[in-house]
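S.K.: In order, the protein sequences belong to chains A and B.
Counting in the numbering used here, the first sequence runs from 3 upward without gaps.
Counting in the numbering used here, the second sequence runs from 3 upward without gaps.
By construction, these hints were calculated from the structure, which means they are not laboratory data.
What you are looking at is a predicted structure, and each value in this text was computed from that prediction instead of being measured.
Heads up, some of the hints might be wrong.
The list cannot tell twin chains apart, which means a pair is met if one copy fits it or any two copies do.
Stated by the list, open to error - DSSO-like cross-link-like pairs, simulated, lysine-lysine; straight-line CA separation at most 27 Å:
#1 Lys404 <-> Lys40
#2 Lys509 <-> Lys528
#3 Lys700 <-> Lys673
#4 Lys650 <-> Lys567
#5 Lys458 <-> Lys410
#6 Lys615 <-> Lys650
#7 Lys415 <-> Lys308
#8 Lys280 <-> Lys615
#9 Lys537 <-> Lys650
#10 Lys40 <-> Lys567
#11 Lys509 <-> Lys61
2 protein chains.
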Amino acid sequence: MRPGAQSLLPLLKPRSIAVIGASDDPTRIGGRPVRYCKEHFDGALYPVNPNRKEIQGLKAYASARDLPEAADCAILAVPAAITFEAVQDCVARGIKGLCVFSSGFAEMGAEGTALQDKIRDAALNGGARLLGPNCLGLFNATRGNFMTFSASIEHGRPKTGNVAIASQSGAYGSHLFVLARQRGIGLSSWITTGNEADVDLADAIAFFAEDPETQVIAAYAEGLRERDRLFAALEAARRARKPIVMIKVGRSEAGADAARAHTAALAGSDAVIDAALKEFGVHRALTADEMFDVAYAASRRLYPVKGRLGIMTISGGAGVLMADAAVEYGLELPAMPEATQAKIKALVPFAGPRNPVDITGQMFNMLDTVSEFMDMMLTEGGYDGIAGFFTSWPSAPSMSDKLLAALKRASDKHPETPIALVILAPPGPWQKYEAAGFLCFEDPTRAVAAIAALVKFGRAFARPRRAPAPALAKNALPAPTAATDEREAKRILKSAGIPATEDILAKTAAQAVEAAERLGYPVVMKIVSPDIAHKSEIGGVALDLRDQQAVAAAFAELRGRVLSKAPKARLDGMIVSPMVRGGVETILGVNRDPVFGPVVVFGLGGIFVEIMKDSVLKLAPFGREEALEMIRSIKGFPLLDGARGRLKMDIGALADALSKLSVYAAANAGKIESIDINPFIVLPKGGFAVDALIVPRKADSSS
Amino acid sequence: MRPGAQSLLPLLKPRSIAVIGASDDPTRIGGRPVRYCKEHFDGALYPVNPNRKEIQGLKAYASARDLPEAADCAILAVPAAITFEAVQDCVARGIKGLCVFSSGFAEMGAEGTALQDKIRDAALNGGARLLGPNCLGLFNATRGNFMTFSASIEHGRPKTGNVAIASQSGAYGSHLFVLARQRGIGLSSWITTGNEADVDLADAIAFFAEDPETQVIAAYAEGLRERDRLFAALEAARRARKPIVMIKVGRSEAGADAARAHTAALAGSDAVIDAALKEFGVHRALTADEMFDVAYAASRRLYPVKGRLGIMTISGGAGVLMADAAVEYGLELPAMPEATQAKIKALVPFAGPRNPVDITGQMFNMLDTVSEFMDMMLTEGGYDGIAGFFTSWPSAPSMSDKLLAALKRASDKHPETPIALVILAPPGPWQKYEAAGFLCFEDPTRAVAAIAALVKFGRAFARPRRAPAPALAKNALPAPTAATDEREAKRILKSAGIPATEDILAKTAAQAVEAAERLGYPVVMKIVSPDIAHKSEIGGVALDLRDQQAVAAAFAELRGRVLSKAPKARLDGMIVSPMVRGGVETILGVNRDPVFGPVVVFGLGGIFVEIMKDSVLKLAPFGREEALEMIRSIKGFPLLDGARGRLKMDIGALADALSKLSVYAAANAGKIESIDINPFIVLPKGGFAVDALIVPRKADSSS
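Bound conformation, chain A alone (with noise of 0.2 Å):
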């Protein structure tokens, strides 16, 4: 049983904190925290170096073992071939919390990946979390335990606040806390995971989860591993009402490439990822400034759950530019109601009251309207946010506070209704704004971004649990050893709920006749021979066959195929199975990934996914409901939902299936590699499984 979240607080918030190698030297690795801690925490700090008397003016130790407490934590800054050592005296005295700073582990290859693992398991067995090695350490805001050697906090301490920032790596981790720091944005904590060899990032997801500091997370992921703790952080973060804005390399494949050459960690798919971190309502961010611009407009704690945006302004294009930027980030813009765009116009017929509500810069002197006029948008517009442009208002002396007040005024008295302006302004005036409860930004873009995110965010902590998804079928068949024939596929994925056509094996050309009229005609015909995976390359389906004659003719000519064009094949006879008509081709698979198990791609069929690529992928298992909300997403969903036209598919069946189907996946996850349904046929009523093969998981499969 993997210890709790609150197992790191004493890395995280320790009241005592010794320093294994510690250096006297204050810009080398021993020496800059302590150091740091020095000038910033206020609990016990213990140096121990076993050549030393005094370390900056503290009493040293030889070892930790001779610490005159059990310290909460150690810092590390000892050489690898050392550290196992000094791991064993810090257990041995009661230390519970290990940050390694040392390199010379798993990054090196396999013997330090041995060393690595002894550290570890030395560490854990021994009551204590182990955070690294190779990482940068961590810091916490409010008990000021600068345990790292990163030299950015030198320039400065980061401003305290709510916002945590964890990072697997330790170089980006700090450029991270810079810009943090340049941008006043206000931390709670900071951590670096380095090697994960114990402490990773879930870990510290699962931490902030529950620290009553924090109340945004900011992640910054190199490679994702074990989903179940992962999902279960990202879950409890979630519940908590808590933010996740996440940086996740390796979108692509060159990046993903990189990232091999980089960490020898096995990657998920990103597409994977993606639609994982969506599940949770994570906020994945493509840039630092997107992510500090999420962080910071989420630290005001307030989630809308609609999407209707506001938005005055003193500039007609600047509130055009911010429709646009409403519309690409998926926000509403209704108009204000028809009797208070009448007031609007019969107080200042100047202005534009609809949505953007101009005001043009011929308000500057009416600020008292102004303030009306915002009052107006937050009381009877129905906003659920409000972006306003002021530009350089508030630089002006004489303008500033006016506007501020007047602002403030209409803002006071609906302090659940987040509202970001984009203003241009002096540290001293735009850091009032901010204590007054606005949202400052310079970009007008950027202002109703962060908007739009907040909205996720809201509706991702409204949704309530997902109901669990539904049970196997009770007699369920085993997933195959032996990659399926369509028969047997079809006979599991029958099995487990989803239907499939009926299929009668014919060794003659009088059984085919007898099946075919047992199914009803017209029916399709196909070979069954396990030395061809790909009977339509050889011309091996006869389809539409609508009588006696016809299915007779067409066993002699598929027969005949066979024999000229893969003559030492095997033939086990041939298929007959209903022609399925009338309805729309999709394609419904399951593929293994490596990290998050087994995923369930939809899409139509034939071009659409191979060319247009429009599917939709989901991890197993899922409802009903979810499988929906899939099918509703793709591109051409029109066409099963009876565009220009087209009779309406029955969609409910398509989501049953696919739920059956990822709850299958998910019940033999460790023995299937993929399974193709292609095409399952879609019907106004009903639909059909027409072809399927199930390949089990290779048994040597790494993992």
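Using the hints, position chain B against chain A.
M.R.: Quick look at chain B alone, frame taken from chain A:
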């Protein structure tokens, strides 16, 4: 004949300025430009105010007519009602540039528009150019003529440089100016065009295209008009190798709605504008950040024509992030040559030698080697641009100069290669890195995006002038004056060189059989009725008729359908045409854009355009090569190109048809509302318009 770009010189680079309506109060609209110009302008300044002898310490004049010389330009800061008189005075004194701040013109309705036309005509007839009215003015950074009442100037002059800003919006133009100043972007000029009675954005761009002080043009647009002048300006900038970065608002429907509420100007479709800007290599930016990232990068004037990016990084993760960004922005990431990789590995075994070249944080103390690696990337890597991630290394005083020297040693040998560094540093070191020729960014994605923009410019600049579109076929028929029937449309298209199926009109079944015999079987038959627009909706089409019997039977059947389903419709007979088989259905269309004229649309038939929205458009006219580019750009192109065992279709014939359609549409730009060729069936050899419709322009169209 419109005056040339040089006619803006008196406004943008005056030696003397009159201020009509000058105020002694330096905070008033008529007082601010006096104050700003007193402070910064090094020419003669003539305040004009009939009520004062002196204005802000300068001799004042009663009227422009009294000035001691014909000032190069005048600022008009008087009420709308007396602006006309002031314009007349200025013109009478020989002033050639008028900058009208006053509002109360076209933005206030019909009366204001009439007044605006009056002042424009007075200016133009007097040989003067008029900027505004209702504008925020302009400045040239070298001359110091801060002819504006924007308070933004008070917080500081811009750095002088080679980027010009042209904005249709005063408020947003000021916003951009302040952001540029904050970011240290060097400006050559800044101009806001307001109501654009005379001088418009195209004029400004044309001026900057010729202006030796300007190398990069940053433009903000709300509505683009007068296609030919705009295109000439964009092309002039392209040929002068001056990149244009443009924010053009109104991208979305909602944005376009807001724009209509804001300006009454007729707007072209955004998709068309987008296509037009692409043609000229304009970079369309969505945010001010993006605008200035690109302008900043471009200000170094290095425009590679190929897009091979080399990445050097001290953090593996940041390398992955930049590789992702490279793919996203269309750059390639070729690996370093094998031999060079071997050299790198021999020098530093822990380095990643491929691309990204990962030098890791451990090379902090090996700067000579960093220099050597950078040199190898530049010399042996064959890269067109380099992105380097060094995070806060330059912020450590001990490190900053040394790293800079190491990088510069390599870069100085390759001044043709743009190098963008991702660094964190205080302003001092930051500026040193910039002065050494490096582009500096804090965000890795933005650094990569900026290089990608340079490559896009390089390609646009390298492109030869488009070959003129082919001439219209000599015997091309005139555009129809009423909506055509299918036969008429195809007759016109054939005359323009677009192949179409042959049609024979049959009034009787016997004639139909005779026609089929002449054309050869199979044939199709369609009803011809001026009263039935959509023949297929009443079943008025019979396909694949293979013999006399089938043709005769179809004739009777189709006539029967008309009689039963549209008993009042006139029936002119039936068209008999050859049945075109074995091809791919495409749609070729023309639509008239109110600003940009005829636009050609291309896509695959049926659901591809309608549901998958897989289409592409281009302004008419264009040649075969450009048509080929269009065809290759759609997602479904593989369906024409032999994907998955299909036959390859005759793309050349399709391109000819598209080009000829564009030529016909352009030649009849004023007369055609739309042309639909649906389908045009492309065959393995050749292709045919199978059905078509031409709708003439409504006689009462306003433009």
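S.K.: Indicate, hint by hint, whether the structure satisfies it.
M.R.: Verification of the supplied hints:
Taking the shortest Cα distances, Lys404 and Lys40 never come within 27 Å of each other, neither inside one copy (45 Å) nor across copies (30 Å). Taking identical chains as interchangeable, the C-alpha atoms of Lys509 and Lys528 lie at most 27 Å apart only when both belong to the same chain, with a minimum of 12 Å there against 48 Å between chains. For the homomeric pair Lys700 and Lys673, the shortest alpha-carbon distance inside one copy (8 Å) is at most 27 Å, but the shortest distance between copies (67 Å) is not. Taking identical chains as interchangeable, the C-alpha atoms of Lys650 and Lys567 lie at most 27 Å apart only when they sit on different chains, with a minimum of 25 Å there against 41 Å within one chain.
In this assembly of identical chains, the alpha carbons of Lys458 and Lys410 lie at most 27 Å apart only when taken from the same copy (26 Å versus 46 Å across copies). Taking the shortest Cα distances, Lys615 and Lys650 sit within 27 Å of each other both inside one copy (23 Å) and across copies (21 Å). For the identical chains of this complex, Lys415 and Lys308 are intra-copy neighbours only, at 20 Å inside a copy versus 57 Å across copies, given an alpha-carbon limit of 27 Å. In this assembly of identical chains, the alpha carbons of Lys280 and Lys615 lie at most 27 Å apart whether taken from the same copy (20 Å) or from different copies (25 Å).
Taking identical chains as interchangeable, the C-alpha atoms of Lys537 and Lys650 lie at most 27 Å apart only when they sit on different chains, with a minimum of 24 Å there against 31 Å within one chain. For the homomeric pair Lys40 and Lys567, neither the shortest alpha-carbon distance inside one copy (82 Å) nor that between copies (93 Å) is at most 27 Å. Taking identical chains as interchangeable, the C-alpha atoms of Lys509 and Lys61 are never at most 27 Å apart, the minima being 91 Å within one chain and 112 Å between chains.
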